[in-house]
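Protein chains in written order, with the numbering used here: chain A, -15 to 325; chain B, -15 to 325; chain C, -15 to 325; chain D, -15 to 325.
Please keep in mind that the hints were generated in silico from the structure rather than gathered at the bench. All values reported here derive from a predicted model rather than from experimental measurement. Heads up, some of the hints might be wrong.
Intra- or inter-copy, both count: the list cannot distinguish identical chains.
The list that follows gives simulated cross-link-like pairs (lysine to any residue, SDA-like), each with its CA atoms no further than 20 Å apart [claimed, not checked]:
(1) K319 - A134
(2) K300 - S121
(3) K300 - A135
(4) K300 - P137
(5) K319 - D234
(6) K319 - R173
For reference, the chains in residue letters:
Protein chains: 4
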Amino acid sequence: MTAPQEFRWEPDAGADPTTYTYTFGGVAPVASIRPGTLLSTWTMDCFGGRVRSTSDMASEVCDPRLLNPQSGPFYVEGAMLGDTLAVHFVSIEPRESWGVSSTVPFFGALTSTPMTAMLHTSLLERTWIYEIDRAESVVRYLAADTPFTAALPLDPMHGTVGVAPALSEVRSSLAPGDWGGNMDTPEMRAGVTCYLGVNVEGALFSLGDGHARQGEGETCGVAVECAMDTTVILDVVRGRPTAWPRIESDGYIMTTGSARPLEDAFRIAHHQMVLWVAELTGQSAIDSYQFVSQTALTPIANVVDTAYTVVCKVPKSVLGGAIAMDGKHAELRRKAASWHA
Amino acid sequence: MTAPQEFRWEPDAGADPTTYTYTFGGVAPVASIRPGTLLSTWTMDCFGGRVRSTSDMASEVCDPRLLNPQSGPFYVEGAMLGDTLAVHFVSIEPRESWGVSSTVPFFGALTSTPMTAMLHTSLLERTWIYEIDRAESVVRYLAADTPFTAALPLDPMHGTVGVAPALSEVRSSLAPGDWGGNMDTPEMRAGVTCYLGVNVEGALFSLGDGHARQGEGETCGVAVECAMDTTVILDVVRGRPTAWPRIESDGYIMTTGSARPLEDAFRIAHHQMVLWVAELTGQSAIDSYQFVSQTALTPIANVVDTAYTVVCKVPKSVLGGAIAMDGKHAELRRKAASWHA
Amino acid sequence: MTAPQEFRWEPDAGADPTTYTYTFGGVAPVASIRPGTLLSTWTMDCFGGRVRSTSDMASEVCDPRLLNPQSGPFYVEGAMLGDTLAVHFVSIEPRESWGVSSTVPFFGALTSTPMTAMLHTSLLERTWIYEIDRAESVVRYLAADTPFTAALPLDPMHGTVGVAPALSEVRSSLAPGDWGGNMDTPEMRAGVTCYLGVNVEGALFSLGDGHARQGEGETCGVAVECAMDTTVILDVVRGRPTAWPRIESDGYIMTTGSARPLEDAFRIAHHQMVLWVAELTGQSAIDSYQFVSQTALTPIANVVDTAYTVVCKVPKSVLGGAIAMDGKHAELRRKAASWHA
Amino acid sequence: MTAPQEFRWEPDAGADPTTYTYTFGGVAPVASIRPGTLLSTWTMDCFGGRVRSTSDMASEVCDPRLLNPQSGPFYVEGAMLGDTLAVHFVSIEPRESWGVSSTVPFFGALTSTPMTAMLHTSLLERTWIYEIDRAESVVRYLAADTPFTAALPLDPMHGTVGVAPALSEVRSSLAPGDWGGNMDTPEMRAGVTCYLGVNVEGALFSLGDGHARQGEGETCGVAVECAMDTTVILDVVRGRPTAWPRIESDGYIMTTGSARPLEDAFRIAHHQMVLWVAELTGQSAIDSYQFVSQTALTPIANVVDTAYTVVCKVPKSVLGGAIAMDGKHAELRRKAASWHA
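The following block holds chain A by itself, in its conformation from the complex (with noise of 0.2 Å):
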């Protein structure tokens, strides 16, 4: 296998913010690129690099028009409605040696928001700024009102990841959905591969808002946030459409669900694996359904975006050597390894 071809994009963090992309779909891409291909790109945090110190407020320093920058979108050649964009993360790595995390008015899990309106006045506005340790593969977390401090494990990720949505719609990168976008789940890492499908020509495809880590809800709304310097290689499964982002890991095949109330996200995942586990198992729907009852994990991702996500997981242990989407992901993850060497 010869190695694959490297094409390197950079945001321009100097440039005005309102430039930026801030929506999948409704932006014109900022380069072609042939499947196959090893991008290299970085992405800002998602404040914009505006948070910076625990003296900095979200609501003041920011734009809320201006949040969630994303780098792309990237154009795929030949990438039509009805296939699958495959995105395979090689490497996802902090760019820089801190990270930002804050509670944001009105914004987050355990707080009155916008839509769950009440007449609360907002929880308190705060910003923690955290050490990454990348020797010692820890982000420092310091509590701001007591001396108590912990190290918690580094695990990068990245919370927004997606393509154009389909009915000509445009989407904030602040929401999750069909079209991939702002799911927030930690299972975004490196070595997994993320199944998009495909809704306008050329996939449109942006990432963004990475995560030195994050909990599984992301329940304050804010993960540890940090500019990325992330690897990935972008490729299309062609024929082969794909309702709702799908994960690929060494170990797991995962879908997720992102809607509202959270047990339809539950469902769509659900139903999504039910039906991937029939078509690779050649199970009846029933048995597959039965099947998954007993074998999926279920981790949630956010309770905090427009939409909330549900990740389902089936150990690939369970499927009696079941190969999914055509083998795509060994394949990338083989090319990702002659690259390295």
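Since the structure of chain A is already known, use the hints to place chains B, C and D on it.
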């Protein structure tokens, strides 16, 4: 340490099924237990043993008013309103070499139900029988419509664990809530301690609904159901109320929430965890909110019962050595070890 | 037609409040009633009369375990599982010249609650006293912080009407469900007949929670609460089960659904209406679905109780003269008229 | 008062359907309108006129990407971010003597959908044709499976009314939200004024989805759909932002909320009403919360679209003569009257 006092109680499988316990509250205790006692018992499967082959359909052989029989209730001496009942699971072992699962008309997460009422006809009703192989520590699944088979890890647990509810309510053993009940979380396995707030004198503890294993979400509504041989130590943490059931394992503290919609179950579990971590680490609530947001695991337990259940888990390794519930888990762990020895 | 037999029962307002009825199920009947009897009684307000001025705060003067006392339960002779209890409201009249409303910490639709758990502090607790002017048929509202006042139409109703639940459950009078209970719909006014499915011998009917009026949704959780003088006729429709409470007025047939999330309450109410209209008009289910889709009114009842309630109303004028429930409403209407005469 | 300037715009029903407007945002305006102009237009039905008989099935004759065409968008001169667009409906009249409704596979409130994903097969797809009799002011329903018929009051309205969304989003005309869109409330009838917050210069107003009538909830997902002749006056309330669409009639002020789950739509509508009533009457927020709790009517609009919509109505008669939106409704009412004369 002296070995704990032992007590054995057995349900009468040959009795009239209308005499079994099907509620939390509303039933006279079957025995009175001194705190610290090692209680050994067994529990019938959720169908009361009436679904025994692939030709037995639950809707035909079971009375819908006589589902999910519980062993108990047990009156725990000295347990008072404002205390917490600690239930340490010493061992949970399938009693037979088979388990059963099924689809049940209008019950489950991917079907219309009486509460999510629609105009569809019911999905196909079917029963699957699993071989439970304790030597190999697996359960063996056989698809009905194709030759597909799989060996799945044996992971015994109790779906239903609880006490009498507050407000003089009597709740069906099919319902989960702040009294525990039918939470259907695979975290309720041997080695953990479950903490339940006491609502009435004597707590009135029952358990049942053994599962040889289940997936997270219990999607079709029925796990690998089986009769279970179970040993617990019952103890009381005095003067410490517990609003929602909690679980402690050697590695994790866990909270639960049971509600609809599912995001409210999430909110309860995470709200409880924020309060608990604040108490254990001395952090302020807002710092704890931040900390839990980055450290929680959040597996879904069930999306099929009268309320849905979510679990929130935080690893003890990040809590700086904090001790939960006055060290009751470690104490009961040691007590259990002394008994085994 | 001979006038109906009359029966009077009164709660003992001077008794120990712990002796009142606070549940559906779990309480011995206070009297046995022959079907067709005209039962006259009165009901305490939801606070048991303990909030009487703007300086009485419910959280201070009320025991949270002793809220919403019911008059009853009444054993209705001959009512059996599979029958329907018909409750015709002959008159509902405020007993005093004042009513009370309040905000209650962590209760209501626009506040965090124990089930929609958040980290906010509670909203301001406040009590409002309304003058009930029966001569003018209004209740008079006085704002607390400004001189604003308004006279609102008097529209007396019962928030809580129900029977003992199925599955041997005992439910708090704060909860609504398929047994009726705390539905909090303003449609439960004089002149209507409420139909409740019988779950236990004698039905065990209770009622309470009189409101001089309420808005649809009962947004803050508390209506214009008052003690109520009420007369009903209790009757039995034999051999006709009723899955969820229904209401019939001179102009409308109505179904109710009580569930969370609110769309499930909607689904239950509309599913029941589709089935009912199909039965009454002889239409197929799919035609009835179409017909209800164009003819239903759908006011929200409450979004504050342990389940939320939605009402579906279809005008009799479009039903081609169909007669519901064997004409029981018209029969009881006539019976009531004969009594008044 | 001089009669308003008039402007007529017509869609080209003979054009390539891909050229129609199917989104809010993302489309160049078809015309520029001076505030105060009386705009007369007509709108195609939601199927673009392609479902014309009981043998036309929407899933066969319609392209799912080409549903719910809108007339517009209209650029309103001088409308700026922070202003409110006032849309006064002068007349809404069915253009033909027939309307159409249908069941659509996996769409509606009493069926599994792609978001409430289940394993059921779809309900029966069927089309119903209604006669629209403007002389008698009724629509005539014919059941398909039995001879049942009914004449239902004609009550023309627009299901879809909106402006370009915020955050550079482009949203399908099937979606409702804070930009308006597919709210599907029968309150949007002739004689009311709809207030929409302006998100982009010129507002970019569109409307469509005429209904000869609909039930509250639009249960099966499709009303009595018809092409509509409609006249509106477009005007701007400067310097007054509107967070969620509001409606004013001669008798009521109304707020809307569109979200999932349905209780969040309720919360938004009631939260907006509490704020609005407080502003109009000078009451504090907590007094207004109490007042709205006793005075609101709360009909459900739709439980079928991508978000569900709830309306909150408070009668002007209890507001002490308060004037909303600087009296814009009365002003436009007079303007409309002068035109009719």
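Going through the hints against the structure:
no.	hint	in the structure
1	K319 - A134	neither (37 Å within a copy, 31 Å between copies)
2	K300 - S121	between (28 Å within a copy, 19 Å between copies)
3	K300 - A135	between (32 Å within a copy, 12 Å between copies)
4	K300 - P137	between (26 Å within a copy, 13 Å between copies)
5	K319 - D234	within (14 Å within a copy, 41 Å between copies)
6	K319 - R173	within (17 Å within a copy, 42 Å between copies)
Violated hint for the displayed structure: number 1, the only one.
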